[in-house]
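Please model the complete structure; the sequences and the hints are all you need to start from.
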Amino acid sequence: MIDKNISSCATAVADIKDGDTVMIGGFGEAGSPIELIHALIDHGAKDLTVINNNTGSGRVGLAALIENNQVAKMICSYPRTANSLVFPELYRNNKIQLELVPQGTLAERIRAGGAGVPAFYTKTSVGTPLAKGKEIRNFDGHDYVMERSLKADFALIKAKCADRYGNLIFNKTARNFAPIMAMAATNTLVQVNQVVALGDINPEHVVTPGIFVNRIIEVANPQQESQLVKDGVVYPPMNKVAGE
Amino acid sequence: MIDKNISSCATAVADIKDGDTVMIGGFGEAGSPIELIHALIDHGAKDLTVINNNTGSGRVGLAALIENNQVAKMICSYPRTANSLVFPELYRNNKIQLELVPQGTLAERIRAGGAGVPAFYTKTSVGTPLAKGKEIRNFDGHDYVMERSLKADFALIKAKCADRYGNLIFNKTARNFAPIMAMAATNTLVQVNQVVALGDINPEHVVTPGIFVNRIIEVANPQQESQLVKDGVVYPPMNKVAGE
Amino acid sequence: MNQSVSKAAQENAKNAKPERDMQQVGWNREQMAKRCAQDIEDGSYVNLGIGIPEKVAQYVPDGREVIYHTENGLLGMGTAPSEDELDPDLINAGKKPVTAIPGASYFHHGDSFAMIRGNHIDVCVLGAMQVSAKGDLANWSTGAADAIPAVGGAMDLVAGVKTIYIITQHTTKNGEAKILPECTFPLTGQGVVSRIYSDLAVIDVTAQGLVLTELAPEVSFEYVQARTGVELINALG
Amino acid sequence: MNQSVSKAAQENAKNAKPERDMQQVGWNREQMAKRCAQDIEDGSYVNLGIGIPEKVAQYVPDGREVIYHTENGLLGMGTAPSEDELDPDLINAGKKPVTAIPGASYFHHGDSFAMIRGNHIDVCVLGAMQVSAKGDLANWSTGAADAIPAVGGAMDLVAGVKTIYIITQHTTKNGEAKILPECTFPLTGQGVVSRIYSDLAVIDVTAQGLVLTELAPEVSFEYVQARTGVELINALG
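Protein chains in written order, with our numbering: chain A, -8 to 235; chain B, -8 to 235; chain C, 46 to 282; chain D, 46 to 282.
Please keep in mind that the hints were generated in silico from the structure rather than gathered at the bench.
Note that the structure is predicted; figures quoted are calculated from it, not measured.
Among the clues, some could well be false.
What the hints assert, rightly or not - Mimicking DMTMM-like on lysine to aspartate or glutamate, the simulated pairs with C-alpha atoms at most 20 Å apart in a straight line are:
| no. | chain 1 | residue 1 | chain 2 | residue 2 |
| --- | --- | --- | --- | --- |
| 1 | D | K179 | A | D134 |
| 2 | C | K179 | B | D134 |
| 3 | A | K142 | B | D134 |
| 4 | D | K140 | A | E195 |
| 5 | B | K142 | A | D38 |
| 6 | A | K151 | D | D191 |
| 7 | C | K207 | B | D131 |
| 8 | B | K125 | A | D131 |
| 9 | D | K207 | B | D144 |
| 10 | A | K86 | D | E130 |
| 11 | B | K151 | A | E195 |
| 12 | C | K79 | C | E110 |
What the hints assert, rightly or not - Taking CB as the label site, the calculated pair distances span:
| no. | chain 1 | residue 1 | chain 2 | residue 2 | range |
| --- | --- | --- | --- | --- | --- |
| 13 | C | A252 | B | V187 | 20 to 30 Å |
| 14 | C | Q76 | A | M(-8) | 24 to 34 Å |
| 15 | A | R128 | D | G236 | 15 to 25 Å |
| 16 | C | N164 | A | D9 | 54 to 64 Å |
| 17 | B | E126 | C | A252 | 22 to 32 Å |
| 18 | B | V187 | D | E75 | 30 to 40 Å |
| 19 | A | P227 | D | T124 | 36 to 46 Å |
Built from N, CA and C at the ideal position, the CB exists for glycine as well.
What follows is the structure in structure tokens.
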């Protein structure tokens, strides 16, 4: 019998190893799997390569994972945002690597990783510093840059609903990178607001078919990143310096 | 104001020119836009390159378009099926060209055409006659073949519902090639069973966003290819030889 | 897959041509499918080819939940429909009417073959015209000049699915070997086959060569070897 | 887009440095957005960058229906939400809360950038740090050594959208020209800009060079030319 439900985020992330590549869903806070990220902080795996569009904000979620020195390298398109404090400081001090990728190329590299395409060509970044060192090739009179696919050992994503097969639906623009990351990771871990019965999701409405999902963890009332940042929350709490 | 509704299939296909490339949706009869194809037969554009997974069956729809000598070249994965009579005879007599493409490569080439990717690499067909003359390249110890994208001047597809923006939903496995063909064609013509009001399709359930659709034609009760074949229908009727 | 064999094939497969018994020897079609079904694990995502492979679904042992993929855009394919359920828009890759189980999902061809190409399907069971000692598969064309070439999704499946099982008669109707040192027909894929379920035996493709791991009842290793174009390793003796 | 300008930029842009009037000359931010909005055609699919470009949506003339794309996965973006409508899962590319109009659709990042890369979006309006005579655009980085590089979707947009409009102050805060023979900052894209809407003028990028087609009220061609790093073609006189 297929039942991808896992009892806790801690159990779900338990086999993430030092040095693994981890894709983390979300665009800003929309779709950010805060509870799974915090479980990964508790778990402690280090030297991770993390793929996310940004680098988190405040001192929770992805930013906290970075602050906790678990991330050796970020692959992202926009590492600085409002309330992004952790990454810029580490980056300026050469304590974290950055592979900067245009957002659409990042998405397509992930999609290619999931679709069994090792490399593809795109016009994006031709003639810019981000094409440096990459193969340029002319097709039909236009220059394109060759980009390699991205895969991951784990994907940590958030969805609205799942059934026990792992079929997923999302909420509005929180969908963003999750469906393609689910395709590109060996192990896809999904925190969902609600687990529903098999058949409750109309087969026409499934966004991510269960074949791309390995573990489901129901987190009925997930925390909201912006609220945590507003409240000055620091994760893990012990990282908070006395007197702060 | 945006209203992509067109009054008739005849009007919708009127600007298809001799020599155009036309993608036609459907996998067998599921999703085959019979009424649009018949309008194209009435219209008469010739020397077409047609992209479809098959070559039609009986003497209606795509098979009839081929029989009517409008197709110079087929790009498809499986040109012979049960009740496929027209193509094999023309092919054996060198009256039609065939570019045979593995089904998944066909799909990915179309998707690439729609996604602005001029070429990509795939393992499919490596070491087989279908890779002949194509670039083979090794990534991470495995050989891949380079495949070019496919685009079209027109796509003729069938959907279940549309709104005036051109947002589409499909019925079951009749979805097949339609969403990617809609992306890859300059002009996407869609026959739909029902046109609904704006907002009647849940934004979470839209399969093909309206940006990929140019013209909608409501065909409330489309003909079913298998029924036509069973009934011995020939299109256009005048092609039926006396005494048949 | 077209399992018929051309004149060219008959002339090429010269390795072993004992007379084929008219009487039933070894497993019949149902039994081959049943034997293969034993190796479909609980929780697998499986794509079944047209013909005998389709029958595998009927024989998966009780207690195992298996999800069937059909490359025309459905995960969670069910059994054939009743008259009432029949919908010409709900078909399988063989263009036959099917049903969808609770927990199914529909998607377009691009996404469907991303599943295949991206190594997400666990097992694909296909028929064969020829299999080589290295696991090369030929099952789409005899290479005959007058044939209408047609490949469908076969090349994508063998290139992308994690494990490829072959169900095939051990020899052609005329008794020629289908398991050969090299395929003489055009390939579907190189080194893609993991295991062969024939009417006579179960044979694994390994780095050491073809290993016979199981014999049909009342069939001897020698009987199988005599009908095989390459030397088999006998794991039973 | 970060519109601040580094020391390096100040040193590099030596072509034209007249004193900037403290008093308002030419169009203000709202007027620039309004002028640009006149050129957004009925039925267009439009992506608006952060900052002044966002304001364009407010000024599209009545009677035109325009559909806004935001690259984080929404076609049919509406106005800012009321308190009641606010949903942190419904945001734009600038991570600000938005709404969705009837007829909207959600999709994932792969599909969203397929729309962009595949030339399906008609118009993108962006800010600029520098624009060259050939329509090269620099709007993502000053190239300063200590800057945290961040590109977002800018390179994808300029490479994939059919028409790129730029709304920008004609000069930097220090009065240096932003329209230059060559961009000195790292490029976002080569030869991608179609038209520039500055506070002083509307300028088209053509094969013949930069063509001034319109002047802000009370602004002379000579005034604009003096603040531009390349020779302009005057289409008005």
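Going down the list of hints, with the structure as the test:
1. D:K179 <-> A:D134: Roughly 17 Å between the alpha carbons, so the hint for D:K179 and A:D134 holds.
2. C:K179 <-> B:D134: holds, 17 Å
3. A:K142 <-> B:D134: Roughly 18 Å between the alpha carbons, so the hint for A:K142 and B:D134 holds.
4. D:K140 <-> A:E195: The hint is violated at about 29 Å.
5. B:K142 <-> A:D38: violated, 43 Å
6. A:K151 <-> D:D191: violated, 40 Å
7. C:K207 <-> B:D131: With Cα atoms ~18 Å apart, C:K207 and B:D131 stay inside 20 Å; holds.
8. B:K125 <-> A:D131: holds, 16 Å
9. D:K207 <-> B:D144: With a Cα-Cα distance of about 17 Å, the restraint between D:K207 and B:D144 holds, given a limit of 20 Å.
10. A:K86 <-> D:E130: violated, 41 Å
11. B:K151 <-> A:E195: Holds, at roughly 12 Å.
12. C:K79 <-> C:E110: Status holds; Cα separation ~16 Å.
13. C:A252 <-> B:V187: 20 to 30 Å: violated, 58 Å
14. C:Q76 <-> A:M(-8): 24 to 34 Å: holds, 27 Å
15. A:R128 <-> D:G236: 15 to 25 Å: Once the Cβ atoms are compared, 18 Å apart, the range 15 to 25 Å for D:G236 and A:R128 holds.
16. C:N164 <-> A:D9: 54 to 64 Å: Since C:N164 and A:D9 have Cβ atoms about 25 Å apart, the given range 54 to 64 Å is violated.
17. B:E126 <-> C:A252: 22 to 32 Å: Given a distance of about 29 Å, which is inside 22 to 32 Å, the answer is holds.
18. B:V187 <-> D:E75: 30 to 40 Å: Cβ of B:V187 to Cβ of D:E75: about 38 Å, so the range 30 to 40 Å holds.
19. A:P227 <-> D:T124: 36 to 46 Å: For A:P227 and D:T124 the Cβ distance comes to about 40 Å; the hint holds.
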